[in-house]
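Engineer: Residue numbers (the working numbering), protein chains in the order written: chain A, 27 to 310; chain B, 29 to 341.
Calculated from the structure, these hints are not laboratory results. Built from N, CA and C at the ideal position, the CB exists for glycine as well. Heads up, a few of these hints could be off.
What the hints assert, rightly or not - Computed far set for chain B versus chain A, every beta-carbon distance over 10 angstroms: (1) 102; (2) 132; (3) 254.
Claimed, not checked - Under 8 angstroms between C-beta atoms, here's a sample of chain A residues computed to sit facing chain B: (4) 49; (5) 51; (6) 156; (7) 163; (8) 168; (9) 240; (10) 248; (11) 274; (12) 275; (13) 277; (14) 278; (15) 281; (16) 288.
As the list claims (entries may be wrong) - Under the rule of at most 30 angstroms between Cα atoms (straight-line distance), these lysine-lysine pairs were calculated in the DSSO-like manner: (17) 248/B / 152/B; (18) 304/A / 152/B; (19) 152/B / 254/B; (20) 48/A / 254/B; (21) 152/B / 42/A; (22) 304/A / 202/A.
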Amino acid sequence: MESLLRRARNAVQVLKRLSNSKLGLIGMSIIFVWVVVALLGPIIAPYSPTSYHPQDRFEGPSLKYPFGTDRYGRDMFSRVIMGSRSVLLLASSATLMALILGSSIGLITGYLGGIVDEVVMRFMDILMSFPALLFAMLILGIFGPSTFGVIVVIGLVYTPRIARVARSAVLEVKEKEFIEAAKVRGESNLYIMFVELLPNIWGPLGVEASVRFGYAIFLSASLGFLGLGVQPPTPDWGLLMKEAQSYMSWAPWMSIFPALAIASLVVAVNFLADAIRKYEAGEL
Amino acid sequence: MTKFISKRLVNMVITLFVASIIIFTLTEIMPGDVAQMILGQYATEESLEAVRQQLGLNQSPLVRYTDWIWGVMHGNLGESLSMQGVSVASLLLRRGRNSLFLAGAATVFLVPLSLFLGVVAGLKEGSWWDHLISTSSLIALSLPSFISGTFLMMIFAIWLGVVPAMSSIAPGANLFNVFPKLILPIVTVSLVLLGYVARMVRASVIDASHSDYARTATLKGLPKIKVVWHILRNALMPTVTVIAMNLGWLIGGLVIVETLFAYPGLGRLVYTAIQRQDIPLIQASVLLTSAVYLLLNLASDVIYTFLDPRIKY
Numbered sequence: 027m028e029s030l031l032r033r034a035r036n037a038v039q040v041l042k043r044l045s046n047s048k049l050g051l052i053g054m055s056i057i058f059v060w061v062v063v064a065l066l067g068p069i070i071a072p073y074s075p076t077s078y079h080p081q082d083r084f085e086g087p088s089l090k091y092p093f094g095t096d097r098y099g100r101d102m103f104s105r106v107i108m109g110s111r112s113v114l115l116l117a118s119s120a121t122l123m124a125l126i127l128g129s130s131i132g133l134i135t136g137y138l139g140g141i142v143d144e145v146v147m148r149f150m151d152i153l154m155s156f157p158a159l160l161f162a163m164l165i166l167g168i169f170g171p172s173t174f175g176v177i178v179v180i181g182l183v184y185t186p187r188i189a190r191v192a193r194s195a196v197l198e199v200k201e202k203e204f205i206e207a208a209k210v211r212g213e214s215n216l217y218i219m220f221v222e223l224l225p226n227i228w229g230p231l232g233v234e235a236s237v238r239f240g241y242a243i244f245l246s247a248s249l250g251f252l253g254l255g256v257q258p259p260t261p262d263w264g265l266l267m268k269e270a271q272s273y274m275s276w277a278p279w280m281s282i283f284p285a286l287a288i289a290s291l292v293v294a295v296n297f298l299a300d301a302i303r304k305y306e307a308g309e310l
Numbered sequence: 029m030t031k032f033i034s035k036r037l038v039n040m041v042i043t044l045f046v047a048s049i050i051i052f053t054l055t056e057i058m059p060g061d062v063a064q065m066i067l068g069q070y071a072t073e074e075s076l077e078a079v080r081q082q083l084g085l086n087q088s089p090l091v092r093y094t095d096w097i098w099g100v101m102h103g104n105l106g107e108s109l110s111m112q113g114v115s116v117a118s119l120l121l122r123r124g125r126n127s128l129f130l131a132g133a134a135t136v137f138l139v140p141l142s143l144f145l146g147v148v149a150g151l152k153e154g155s156w157w158d159h160l161i162s163t164s165s166l167i168a169l170s171l172p173s174f175i176s177g178t179f180l181m182m183i184f185a186i187w188l189g190v191v192p193a194m195s196s197i198a199p200g201a202n203l204f205n206v207f208p209k210l211i212l213p214i215v216t217v218s219l220v221l222l223g224y225v226a227r228m229v230r231a232s233v234i235d236a237s238h239s240d241y242a243r244t245a246t247l248k249g250l251p252k253i254k255v256v257w258h259i260l261r262n263a264l265m266p267t268v269t270v271i272a273m274n275l276g277w278l279i280g281g282l283v284i285v286e287t288l289f290a291y292p293g294l295g296r297l298v299y300t301a302i303q304r305q306d307i308p309l310i311q312a313s314v315l316l317t318s319a320v321y322l323l324l325n326l327a328s329d330v331i332y333t334f335l336d337p338r339i340k341y
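Isolated chain B (complex conformation) (with noise of 0.2 angstroms):
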């Protein structure tokens, strides 16, 4: 096991320098003059001279590479060249933790809800419950962020007024404080996943009732309530494996979410390094995200091979 996990975190890391050097050459490539950026555009040659030389933009690509691993690897990101003045590591830092808020509440909203929809389907396969439960998971799960996010926000918080329309919160508010705020965020990002998970836990909920032990089971005359528990017992596991790899779609939908309900989350920090090109910000948070996707998928592998007895590595 410990085998197992040390040469996935390998893997990984190798994985993660590839991925480094590859948001490195797109960010080269991008059009556009750092130093003009930051004097703007009626700055002598002189000025922008003097910054290129004091952010080291005329050395060759390689050193610069090393310069900015070198740092990443000793949490030094540098600064923002939208935001001056502003460290790109202690913007991260704030709006990841409320991205990871929203995706925290999302995920303990969207499983057990997911889990019982999921059961109750199965367990009636063919049922009217059944087919309503299968065919708006079906709708949910292919339904674009910000559509769905759009209908919540004029049916819930424009026609109905129930619920806050958008998301600004203050840099450092409690976020519990605010937590009406949250509400539309959290369903909409869930919304995918939601029915997405429901699906998976329907079909497996169906494939081990139509196994060999829960029929067995059946004839021997156990309790219908014990038959259920058995089927469930086995139609989870695969379950928590699908919930743990799909987490990491969270990072995509919340570009969306946090951007339709302007929510001062990492997704919305990485659009709009995009659009102001802040090359600093872009290459620090890209990096961050797909660390943390990856480290979701490493997570989903282990809790599989924790679940299932049967698979050794």
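So here's chain A without its partners, still in its complex pose (with noise of 0.2 angstroms):
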């Protein structure tokens, strides 16, 4: 309970450091909004982001519809409203994988070395030998686009470049003092490498992990584009976009209002990972 608080404390004394940056503050403050946006969700949305109003097709922003409607007279803010639930779903359960089999293998190779270490690395360096969104564009195109499938990819595109992070992390850790006494105290591998270690990684993996938040919205919204992310009608914001394509001209509320939803969020994450990024290197 007691450390339960004092952690609690530490987070707080963290978020005042980040908050010190008016970057971290600005991508902060932009990320909480979309998150209660996405809680919330049905509360806000004045419709069904999927009821078909035909009356009201492709009307232009308004009292009644403050982001217009789309082709089939569907809220297009009731749309993004319910979209940042998809594109938060996805980055974070994709980050999360991500991180959890990156930092695994990271602290298996890091931490055993040897044949091990020269095999696997070999094999993540052969997956991040192919461009990102090309192999997940792979992948999805062949098993079939899916929600699940979006977050699988995403999640394996990225566990290679985790893992080199935890790798090299744990192998300037792997040297000090407390890990030979583990060692003499006769503790077995997996206790050394998951209690020992990985508490000692949790700054440059956590810097990493929300790099990797900013990239994997990025990359959902842009499979969502292609066609290749969450199918319709279930309303995605990189879908929503590839939907008003063909009507940027004369419908542009269409793209723009979800346009903006994807660049509010994306550029927050990353200034909240700069100032994390400053935060580790001492600099805030």
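Dock chain to chain to rebuild the complex, using the hints, since each chain is given by itself in its own frame.
Structural biologist: Okay, structure coming up:
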């Protein structure tokens, strides 16, 4: 209980330091707003994101429809609001998956070294030799686009990158005395990796995870835009942009609002990631 | 040096070989019957069987893989399924040329501009200019290309009408003649790297100006311009690597930008191939892009060793 309290206090301390950077503060505020919007979703949205209003097709922004309507008369405001759920869910699950897989691989290869390290990291290099977007497109094109597929693919794409960061952090920490001490005590390899090493590489892992979260939004929105991500009629920001593309010149509101939504979120995440990097480097 | 390069080349060939196996296996899993796709759904079982015979689809995967790789090594990539009668090699050549032009023009545009912005921000660290450049380059690098492209298209093509919105061009057209159509795609595909490189340059300029030799140069009374020259020479070295390393990023960017602006390049070719499940085209185009990507990575390593005499392999 007490340690939980201490941890909470630590977290507040870190947040305070991060908000010392103006961009960090802006980033955190925008992310906070989108998280609240995603949680409250149906309470804020005036209509169902998928309900048709055939008499109001292609309406411009008005009091009735703040962001206008699309070709089926669906309310763009409600679609953008509900779309925040899909992007946050996709990006955070994918990042979490990459973080778990990547840091486990990094811990194992970095700590054990030798032939395991050689073979596994070689394979990671090969995985990284495909451009990320291309790899994701190929897999989703073959297995068919789906929400679950997007999460797994983005998670897989970023696993080798996180594994590298974790591995090099482990290489630095594993020479320290407390690791030596744990070995002498006769602790198992598993214990040393996950109880002794892991807590000491949180710093670089945190920086990497925040950057990857930004990329995950970037990638999942791009896949949505290509039609390889979340499928209609579910509102997804990238997908909304794809649907709006043919009407760009005479129904620009269909593109502008989802575009602003994606832009605000990715920029916010990158602002925060930059502040986290500065914090880790001791610049804040 | 030669030893290092040849070792890396061997490594690259091995990686490409493994990549070809992965690509082949993935397309094997692809649902759908190729013969059915060629003949349509009303084909009789006999005619389907005839096509399978003709294309060698009845043979074991191992035989088909060897046939494919043998073809790749001899420049014979087969025929496209979705565009019947067109050889994959000629498609790749035509589309690849268009993409190469786009990527080349983007590099010519973004390298000098990002160097300039990064150097200005780095030398004026903490100033108003620095804040403006750092923040806007952070924004530029975080925006997905289809977002920045949409904004640019709306502002410059639809509202101001100064450039064409779409970049569809006739096959074989001289790209210099239709250059206005290429302006928006070039700028869009450059933005992410522009932001990234500018920030890298800024950081290394700042690093160099805090270094001992810069302080010594100032203290011994060298004119400011000479000190700046010292700083730049040292700061720009790592930048070359950063640029070469990230040019590979352009490949992913091209898929999005070419799709957004309907530009007939390699990126859009990969996309349509995947959408239409055109297996020979997918295999060849993905293998080609991976090869280009690996070559760019190799080039960046080589440049790095050339530039930094401290590194010996």
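Engineer: Hint by hint, say whether it matches the structure.
Structural biologist: How the hints compare with the structure:
The beta carbon of residue 102/B sits about 24 angstroms from the closest Cβ of chain A, which is more than 10 angstroms, so the claim that it is off the interface holds. Against chain A, the non-interface label of residue 132/B holds: every CB pair exceeds 10 angstroms, the least being about 18 angstroms. Residue 254/B, annotated as away from the interface, keeps every beta carbon of chain A farther than 10 angstroms; the closest lies near 30 angstroms. Against a cut-off of 8 angstroms between C-beta atoms, the interface hint on residue 49/A holds, since the closest Cβ of chain B lies about 7 angstroms away.
About 13 angstroms separates the beta-carbon of residue 51/A from the nearest beta-carbon of chain B, more than 8 angstroms, and the hint is not met. The beta carbon of residue 156/A is positioned within 8 angstroms of a beta carbon in chain B (closest approach about 6 angstroms), and the interface hint is therefore held. Annotation: residue 163/A was flagged as interfacial toward chain B, and the flag holds, the nearest CB pair being 6 angstroms apart, inside 8 angstroms. Residue-level restraint check for residue 168/A holds (minimum Cβ-Cβ distance to chain B is 5 angstroms; threshold 8 angstroms).
The criterion of a C-beta within 8 angstroms of any C-beta in chain B is met by residue 240/A, whose closest approach is roughly 6 angstroms, and the hint holds. Hint status for residue 248/A: holds, given a least beta-carbon distance of 5 angstroms to chain B, under 8 angstroms. The closest approach between the C-beta of residue 274/A and any C-beta of chain B is roughly 7 angstroms, which is under the 8 angstroms cut-off, so the hint is satisfied. At its closest, the beta carbon of residue 275/A sits 5 angstroms from a beta carbon of chain B; the interface hint therefore holds under the 8 angstroms criterion.
At a threshold of 8 angstroms, the smallest CB-CB gap from residue 277/A to chain B is about 11 angstroms, leaving the interface hint violated. Interface restraint check for residue 278/A: the shortest CB-CB distance to chain B comes to about 6 angstroms, inside 8 angstroms, so the restraint holds. Annotation: interface hint on residue 281/A holds; nearest CB of chain B at approximately 5 angstroms, less than 8 angstroms. For residue 288/A, the shortest C-beta to C-beta distance to chain B is roughly 5 angstroms, which falls under 8 angstroms, so the interface hint holds.
Taken as a hint, the residue 248/B and residue 152/B pair is honoured in the structure, with Cα atoms around 22 angstroms apart against an allowance of 30 angstroms. For the given pair, residue 304/A sits about 19 angstroms from residue 152/B by alpha-carbon distance, which is consistent with the 30 angstroms threshold. With a CA separation close to 16 angstroms, the supplied pair residue 152/B and residue 254/B stays within the 30 angstroms bound. Distance restraint check for residue 48/A and residue 254/B: the Cα-Cα separation of roughly 35 angstroms exceeds the 30 angstroms cut-off, and the hinted pair is therefore not satisfied.
Restraint check: the Cα-Cα separation between residue 152/B and residue 42/A comes to about 28 angstroms, which is no more than 30 angstroms; the hinted pair holds. Of the supplied pair hints, the one linking residue 304/A and residue 202/A holds, its CA atoms being roughly 25 angstroms apart against a limit of 30 angstroms.
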